[in-house]
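Student: Each protein sequence line maps, in turn, to chains Y and F.
For the first sequence, the working numbering assigns the number 191 to the last residue and increments by one with no breaks.
For the second sequence, the working numbering assigns the number 438 to the last residue and increments by one with no breaks.
To be clear, the hints were calculated from the coordinates, so they are not data collected in a lab.
The structure displayed is predicted, hence computed values, not measured ones.
You may find that some hints are simply not true.
To be verified - In silico contact screen, one side only, chain Y against chain F (beta carbon under 10 Å); selected entries:
1) Thr24
2) Trp46
3) Asp53
4) Gly75
5) Leu93
6) Arg99
7) Asp126
8) Ile145
9) Val146
10) Leu150
11) Glu160
12) Ala162
13) Glu163
Think of the CB as a built atom: it goes at the ideal place given N, C-alpha and C, for glycine as much as any other residue.
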Amino acid sequence: MYSAGNKIAGRAVWRKRKRIVSATEPEQFERVVLPHLDAAYNLARWLAGNDHDAEDIAQEACVRAFRFIGGHRGGDARAWLLAIVRNTAFSWLKKNRPRAVVSIDDGEIAELEDPTVAAGVFNGADRNVLRAALEALPLEFREAIVLRELEGLSYKEIAEIAEVPVGTVMSRLARARRQLQNHFARKGDGQ
Amino acid sequence: MNCTEARLLLHAHIDGELDAANSLEVGRHLKTCTACAAENASLQSLRTALRGADLNYQAPASLRTDVRQFMRDLEPEATRPAVQLQWLWKWLALGLAATALAVVSLRPTGISERDTQLNEVVASHVRSLQAEHLMDVASSDRHTVKPWFDGKLDFAPDVQDFAAQNFPLIGGRLDYLDGHAVAGLVYRRNKHLINVFVWPTTGPMKHETEARRGFSIIRFTAKGMHYCLVSDLNPTELGELAGLLEK
Numbered sequence: 001m002y003s004a005g006n007k008i009a010g011r012a013v014w015r016k017r018k019r020i021v022s023a024t025e026p027e028q029f030e031r032v033v034l035p036h037l038d039a040a041y042n043l044a045r046w047l048a049g050n051d052h053d054a055e056d057i058a059q060e061a062c063v064r065a066f067r068f069i070g071g072h073r074g075g076d077a078r079a080w081l082l083a084i085v086r087n088t089a090f091s092w093l094k095k096n097r098p099r100a101v102v103s104i105d106d107g108e109i110a111e112l113e114d115p116t117v118a119a120g121v122f123n124g125a126d127r128n129v130l131r132a133a134l135e136a137l138p139l140e141f142r143e144a145i146v147l148r149e150l151e152g153l154s155y156k157e158i159a160e161i162a163e164v165p166v167g168t169v170m171s172r173l174a175r176a177r178r179q180l181q182n183h184f185a186r187k188g189d190g191q
Numbered sequence: 192m193n194c195t196e197a198r199l200l201l202h203a204h205i206d207g208e209l210d211a212a213n214s215l216e217v218g219r220h221l222k223t224c225t226a227c228a229a230e231n232a233s234l235q236s237l238r239t240a241l242r243g244a245d246l247n248y249q250a251p252a253s254l255r256t257d258v259r260q261f262m263r264d265l266e267p268e269a270t271r272p273a274v275q276l277q278w279l280w281k282w283l284a285l286g287l288a289a290t291a292l293a294v295v296s297l298r299p300t301g302i303s304e305r306d307t308q309l310n311e312v313v314a315s316h317v318r319s320l321q322a323e324h325l326m327d328v329a330s331s332d333r334h335t336v337k338p339w340f341d342g343k344l345d346f347a348p349d350v351q352d353f354a355a356q357n358f359p360l361i362g363g364r365l366d367y368l369d370g371h372a373v374a375g376l377v378y379r380r381n382k383h384l385i386n387v388f389v390w391p392t393t394g395p396m397k398h399e400t401e402a403r404r405g406f407s408i409i410r411f412t413a414k415g416m417h418y419c420l421v422s423d424l425n426p427t428e429l430g431e432l433a434g435l436l437e438k
């Protein structure tokens, strides 16, 4: 958790930058980062898969956000912070759960190419069923769905956060949605 | 447009990311193809389910506390330059001031603080139009909106409803501009939403009307407060609201 380790990390960051830090940076941090703490935690939680790791990642992301706060020039603060959370989460996952970060093949869209089939209309499900369905998605697909459907970001913003072209965002969303449709069709929740 | 093309574009279509021409094409295809129309309905229902189920996780209180603590730990150092560095700072400040002066005088059209603030105002307005960010307190009753700001701001904004003049008050919101908390009042004229940002004045500001990225902005100082109005409404009508607020 946060306690000693990260606080020391935070102070160390501060000391390194002391000569060039301006007095407005803590204030800027408060204005840019704090209003979006829920969004930051939400993304961390969806990428990490559990509360404890999500909190560690969100904290680490806040420390990084402070370090980079001078680099925030206007723009959308939430998207800026989410990009930092995303990078923090992926570094964390690569280090602690290397098997979770298996790159998907973005060129693969075969699963979309049967236009004669349509999935059924989905009549809602409870929160836990939906959460489990999202959890079951590959990391990059889950990320795209969370940023689009839960955070309401545009393709362009998602592309910047995930560092992929806009076309890739579109195909990831399409494939993620197809997997969700299939998931519910198999479970018999749809139709 | 064939089904294979339509299936991929369908996603951009429902996400509102498709250009007008392709969107029309997709719409036309959906009218004639039952399979794609069914797919469209399926995707829409999936979206409704995802958005309606409140799947977002909230930051735990412990995270908030820790981040605040992290900031408190930083602040004393931020405001305490080392004694032996004081002179260096003074010379640096002088150098910076001279550079700033040179930059300002050499590039009168450069990016100014004012520009930054106007951009911030527009960004704030645009963000507020995104789902569920417009208002923290929704009410046409100024007696509900005004007390709501108590304890959230260190000043009391003047909250008035101008429904009679066709500018109904629809709510209020806490926002941040230029590094400080401001009151955000939300008014409506027909279908146009207007954000009015209010914060205590630090000096008089010229009454100005600006256009930026298609939005009208009016700024002025009145009754010891800065007012900044931003909307996609035309400047003339926005000026009417400015007139009412200024009274």
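Student: Kindly indicate which numbered hints from before are broken by the structure, ordering the numbers from low to high.
Tutor: 3, 5, 6, 11, 12, 13
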